[in-house]
Amino acid sequence: MASAKKDLTIEGLVKEFQGGVRAVDDVSLTIREGEFVTLLGPSGCGKTTTLNCVAGLERPDAGRIAVGTAVLTDIARRIVLPPERRDLGMVFQSYALWPHMTVRDNLAFALRLRKVSRADIDSRIAATLELVELAGLEKRYPYQLSGGQQQRVALARAVVAEPRVLLLDEPLSNLDAKVRERARFWLRDLQRRLGITAVYVTHDQAEALAISDRVAVMSAGRVLQYAPPSDIYERPSSRFVAEFIGRSSFLRGEVVGVRAGRADVRLAGSGTVVSAATAVDTAPGDRVVLAVRSERIDMHGENATENLVRARIKSFVYAGAEYEYILDTPEGELRASSQRAVPGPDVSLHLPPNSIVVLRDDAPVS
Amino acid sequence: MSATGRARSFDRPAQWALAIVLTLLVAFPLAPIVYQSFLSDRLYESTKQFTLGNYALALSSPALWATVLTTVAFVAAATVISLVLGVAIAVLLARTDIPTRSVLHDLVLVPFYVSPLVLAFAWAILYGPSGFATIGVRQLGLPTWELYSVGGMAVVAAVYYVPYAYLYAIGSLALTDPQLEDAGRIAGAGPFRTLLSITLPLLRPALLGSTLLTLVSALELLSIPLVLGLPVGIDVLATFLWATASRATPNDYGIVAAVSVSMLLVITVLVWLQARITGQERRFVTVGGKAIRGRLLSLGRVRWVVAVLLWAYVLVCVLLPLLGIFAQASTSFLTPLVNPLELLTIDNFKQIFDQPAYVDSIRNSIIVSVVGGLVATAFIAFAVLVTTRSDFPLRGVLSYVALYPRAVPGIIVGIGFLWSTLLVPGLGELRNTLAVLAVAFTVRFLPIGFGAVAPSVVRVSNELDRAARISGASWLRTMRSVMIPLLRPALASAFVLLFVSFLKEYASALFLVSRGSEVIGTTMIELWRQGNSGPVAALASVQLLITFVAILIGQRLLGARLRG
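Here the protein sequences come in this chain order: A and B. For the first sequence, counting from 1, position 257 maps to 257 in my numbering; every step adds exactly one. For the second sequence, counting from 1, position 95 maps to 95 in my numbering; every step adds exactly one.
None of these hints come from the bench; they were simulated from the model. Heads up, some of the hints might be wrong.
[Stated by the list, open to error] Covered, in the sense of this in silico footprint (three residues per stretch, anywhere, with C-beta under 8 Å from a C-beta of chain B), are these stretches of chain A:
(1) 80–86
(2) 108–121
[Unchecked claim] Restraint ranges, calculated between C-beta atoms of paired labels, are given here:
(3) A:147 / B:275: 26 to 32 Å
(4) B:301 / A:18: 21 to 27 Å
(5) B:301 / A:210: 45 to 51 Å
(6) A:189 / B:471: 50 to 56 Å
(7) A:194 / B:275: 43 to 49 Å
Built from N, CA and C at the ideal position, the CB exists for glycine as well.
So that you can see chain B by itself, here it is in the shape it has in the complex (with noise of 0.2 Å):
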């Protein structure tokens, strides 16, 4: 209480609100899965008792075992691929004189507005065992690849992770004093040695990011080996956890959680070694110079041999798939044999649109990504400015609460929300509700949405804050008048980012829907097990045709900036 006699502060209250507010979120999924894994039976039974014995089941299981090293192999392999095509693409977008750059700088990104169940449809539309172009080549009598296979899902997988490679990359390079190029071609090196020498190793704290952004992404990726592994009986942890998890068996129950908590602590630990190894990368840490524009390394003709092998990227493995699920969907059948336009239909779309189930996906996946987008970015925007503009006691704990979840596989929060509603009383209601589906993907991307707020805040100098508060305003009302309308900008990004994420995401929904709270995603996997990929070309295209339109609107109306 001030000696002034103003009123009671809100301040603190609303502070350990939000605090106590996040880690329920956080905690909520993961709770009962380290809860179940010590117990002998389901969670909410009556019969379960304290055992280690999912545990020992686990690890003894030789089949669990070949999972791991299979996605060991795969995670390893997109990891290395996707890294390598995205720092070299964006040194060279970046730092040389190619032409077409800032068009092939859009083009690759793409693959970061899509579904990966979409990009791997797509592929599998493409280049599959009976895919349009694997049937041209064979034709044509070339060899032809084999998609459904631990490389081709890691090929798919580092096309989807390139653009995280990229745009860290690009931001480190952004950041990287120029003079220091210009030296390195002073003391006598070439455009190449240049990058080979100076350009490349100052990246290297940011591939430690991307890395391990990138590894566990791919540990938790379900959708490409679901898509191009399980056919062939390719089985990686996160198919396995999905399949066990929906026999749903006591055993099963107790295994899955196991295997999640298992996961969980590699993850964690790999996350907490990134941090540590960042922390020690100070050398990085230049004397800023003046802010001068970078000159472009000039390649000469190579250029246009750099520009072409890069369009071939792009054509290949973004933008031609892509163009597959259209075709697809609008074909009653997509062969190189027959001239796809006297195949031309519009039925996989009726078929979508006739379907009450499917409309209701559609409907069910805008308003979840609308609200859910709407009421998640709020939250993030509190829970950003108390962890970073308020002294409240515990902001640094909170913020690491925060961003635990990007060591949480989409699988795992679906399967924990799921438990949680099933073992807390009067949670039961929220089971397949949109609600609940809102508030697993709003724990699912509260990184994502910390990460395009948090940098912004950090921009507005505390001075501007300082100065309300001295002028007598209260930290929330600081809040509100000062901080929130300066970040107007950086919070339209985030809508549109959460809103894009939200519309993807699947992961976490499949243990969370039933008949009538579906969403594209689950619909979209539904559909392709039995088989009917026209239908599933059709929803990928309202899905992708959707994504296009909030990015644009996004950009043009909110200016929203959706890469850093």
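Same shape as in the complex, but just chain A (with noise of 0.2 Å):
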């Protein structure tokens, strides 16, 4: 590939941790230059230990890294590069402002390292700082700026000596929730006029739906799905997937037919069969799990001919943009949301075919 020159590879990542523990357990990607990837997942899924491999922050125990044709890590040549010499810029989670210096010396630290005279260092940050918004706060120290100005410091620093690849750790998670909605728009913005690959780590599936090119989600030190935000949300590969993203209910079933690009399926509680749209290969007698969003579910389905779910209200909770519930159904719990209060307390639920996602049974339900 020609545009490949400036790709961020990962290839075959492992990290362990005292105890045998694998932090990171064969991790690889691909990031494309200029292309904005989210590693997603809960807590200790291995997403921050993987920036941390890249930024030359944790050593791994395997694997390789690479930006282009530099070598940042290859274990099995026994390079290792130190942080300093990866020409990487990092947003923390903490911001990690020195406190003891301006918002100047701040964005100054990394050009007078690189040597760049003095004439070009103020250039820089004036453009930089004015990038972000924060032109003619240079004098400032990190405390007296509030905490949406103190993570835009934080990333004019990342960026101003442009770096090869932008890392950023939760850097919106200590923002309060409006600022940090505003904060997403801006942010991608940003990293779209530089031009720069991003790598970006949360916890917030939200955030990371809204603002990537692509997501990884991974968990317990792997990566279940790596695609674009509408894929992963329209068609997680994986239960954990379907669950961790967005809100799903699960009903277990037996593949009866499979049509083109359908498979039929009865529901294991009332022996209902269902209709579903369906990208994973089925063939009649698979266990399968059918994911169904609780927005895509349509309370109001009295007159719906097939995918007729009976239902009963079990509790309800009014949450402004709609109404959310909790039913009970003979494959069990479903939650399901609507924008109008629904009469209960019996209710035919429709599950639209294309709403449907087919996973294969293979975790037990939680």
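Join the two chains, each given in its own frame, into one complex according to the hints.
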């Protein structure tokens, strides 16, 4: 690939901690130049460790990390560049702004180390602060800035020396909810304008979906699915991904027939046969789990002709934009939401075929 | 009186009682000194009159000004050396991959538990003009040094204060977000550059704190100038006060008081300045990240060189001198010219244990340290709870009062207590008792006890005591049933710390003991002045052993953590 010049490649990354726990277990990812990729997963899934291995803050036990042709880590060849020789930028969760330095000095540090001339330092700092909309705050100390401003200074510091790759370790998690949502747009916009390759770590699925070109969902040190946000949401590849992202309900069943792009599944509880649009290869007799997003369930399904499930409202809460229901069905408990209040207690649920994701039944119901 | 008809609360009266006792304790040694400084005669004589003459006399004395200059030189040198060493060692041991870090950590702290008096004897025995090492080096035809000098005093004092600077720095390093260093590395700085540009500057508030602590302690330090300076006529303010107060002519009373008050003023201003400056260092407050273990900076091969240097420091400055004490104690004559093993003897210990006066001093030290330490711990715990966990109206003022004694030199505490017992009718009975020693020591070490307990109290969520109050417990009951049990480990640590401090103490005891009520420290000074270095070493060995055993018991049985 001609454009593969500066892709960030991670191959076979393994990191074990004391006691033999594999924090990162054979992770391989290619992040294309200029791409915004998020490592998403619950705490302890290995996302931060992966990021730290890229940064050179942790030494992996196996694997190779390179940007284009520049090798950062190659355990097989005993290459592990120290962080200061990797030419990266990083935004830390705590921002890690040096409290004894002004905003200007925080930004100038990396430039001075790169022997940039004084005049250039000034102009680059000015330009970078302009970019993060903080022009004129050069002389402030970090404690004199608001949380949102600190976060932007941290970002400015990370990009001022024009690094190969920008690493972001949950940079928005210390912000208030409102500021955080705005910061997503802003961060994404900035990354596009700079055209910089970015690796972002978060446990916030909404943030990951909103901000990324591609998302790598991680669990127990492994990458479960690496795909664009819409695929992750619409076509989760495993039960874990479906459970972790969004709000899904799960129904057990057995495949009874396969047609073009469709699977007919007999539900375990009621014996009702439902039809699901599926991309997974299945054959009659396979035990499967059907995942359905709660907002895709039609709670006014009285007139539907197929994919009907009888339910009884167990409890509900009003969440502003919608009503959220917990429903008792022969298939177990389901969660569904509706923008209008649904008269109960008995309701008919319609599960549209293209809202059902067929997954292999390999995990116990939690 | 509450609407539920509950019995009258004893909370407020108990808090007032504590406040009054605490204030009296701190005022007790100070008031007579301030009073005396304006009197023409001894404060208990009827012929005394108001005068400013004492200050005039003190300020116009060239000899005194020379002493002030010497003191400044000594204090400044000791502070700078201890700070540079303590901080450098802390950064290296806490943030880099030096081999044998944890052993070095323990050894660097040893002087913390050793009386400066013992350290002074130890250095004199090893490095003094006729010391073991001095003569040994001279035998080899190499140039030697002059320990009995301002420089020598400063070095020994610095070794004594290194643990303070070290602990301050270590504490600050532990609180520093390790991501700040990571950010430095990512920005392109190597390990050494990161230490210099980021780690060290972040220690500035801690440095200020330990600088002031060392300045104030060195200013009042009596033992090291007494042992290493007095023989060659070097006077500092502490030795000057001691010598002048010992002469005790009416004139001397006034001068001692005037000089003491002046010293107190200077120290008070220093303490106030430090509090102000520390308050302005707000920019060092950083956003807390998730608690992650800091990665150690790798120094590569240089780490072996650094380890050797650190071991050299620990051996030469701490371990060998202490070994010298034991060697001196168990030989008849310690010299490199004769194999010490041929001169082994238990005479020095026999001399100590055959003399009832010396045995008494050991017994007295233990009694004062155990009983006094326990009472002081209980008192301090109560005081900390009132100042930090009650709605007592004067709690803010009270914590200043409790911390003020750190500005009061030990010798002034001793003189002040002596004068109080002379001045206040009915207190004369207390003179020369162990009780007055215990009280004086308590006042002297109030700040240390406070420092050991207060941080643990702050760490206990105040929702716990609120929950007890809501359940119907009075304040006293809440403290007794909720706070005290939770603070048990902190109180154990405070007790061990106070025990060791009481055991080491000599300066405030000098004017409060007489035959029968002496403690180890005062007896050692007396013996040293008689030139009996063998028995002194034997007594010092006993003190070191008791300290060692106490710390061991404290850590093993009481679970005391002696350093935050």
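Do the hints match the structure? See the list:
Given a C-beta distance limit of less than 8 Å, the hint that chain B covers the stretch 80–86 of chain A holds, as 5 residues qualify and 3 suffice. Counting residues of the stretch 108–121 of chain A whose CB lies closer than 8 Å to any CB of chain B gives 4, so the stated coverage by that chain holds, three being the minimum. Evaluation of the 26 to 32 Å hint for residue 147 of chain A and residue 275 of chain B yields a pass: the beta carbon distance comes to about 29 Å. Between residue 301 of chain B and residue 18 of chain A the C-beta distance comes to about 25 Å, which sits within the given range of 21 to 27 Å.
Checked against the hint of 45 to 51 Å, the pair residue 301 of chain B and residue 210 of chain A passes, with Cβ atoms roughly 48 Å apart. In this structure the hint that residue 189 of chain A and residue 471 of chain B lie 50 to 56 Å apart at CB holds, the actual value being about 54 Å. Between residue 194 of chain A and residue 275 of chain B the CB atoms are about 46 Å apart, so this pair conforms to the stated range of 43 to 49 Å.
The structure meets every hint from the earlier list without exception.
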